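Colleague: Sequence:
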Amino acid sequence: LRWISGHDGVLGNERADEEAKKAAKSPRNTSAKKKLPLYLRNGTLPSSLSALKQAQKSHSAKRWAREWSLSPRNSLATKYGAAQPSNTF
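Numbered according to our numbering, the sequence shown spans residues 13 to 101.
It is worth saying that the hints were derived from the structure and are not from the lab.
As the structure is a computational prediction, the values presented were derived from the model and not from experiment.
All C-beta atoms, glycine included, are put in the ideal place defined by N, C-alpha and C.
Be a bit skeptical, because a hint or two may be false.
What follows is a set of in silico ranges between Cβ atoms, one per label pair, in the way DEER data are often shown [unchecked claim]:
1) Q66 to N25: 22 to 30 Å
2) K65 to R85: 38 to 46 Å
3) K74 to K46: 48 to 56 Å
4) W80 to N25: 28 to 36 Å
5) D29 to L64: 17 to 25 Å
6) L88 to A63: 34 to 42 Å
7) S62 to A28: 17 to 25 Å
8) S62 to E26: 48 to 56 Å
9) K46 to A89: 54 to 62 Å
10) Q68 to S38: 17 to 25 Å
11) K74 to E31: 23 to 31 Å
12) K91 to Y51: 56 to 64 Å
Construct all of the structure, not just a fragment, from the sequences and the given hints.
Modeller: Structure (structure tokens):
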């Protein structure tokens, strides 16, 4: 058994992939409401679990960086530089 790409290099499918990625990245690039099925026209469109995890990871990293920059330990750590602790210890 061997995996093969089912749509690799097919212009129509490549274009569909690009449009799907654009729509997933920005709410402005989604379909017009009148083109959506009725059950999707009202309220917020559902998000994928993967997109939610990515957003949470990004939010957590930004929050940690902000809190670390305000921490008194950060000023102590930067005083000694990035070389500490040494890998030769």
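Colleague: Tell me the numbers of any earlier hints that the structure contravenes, in ascending order.
Modeller: Hints 2, 3, 4 and 8 contradicted; others consistent.
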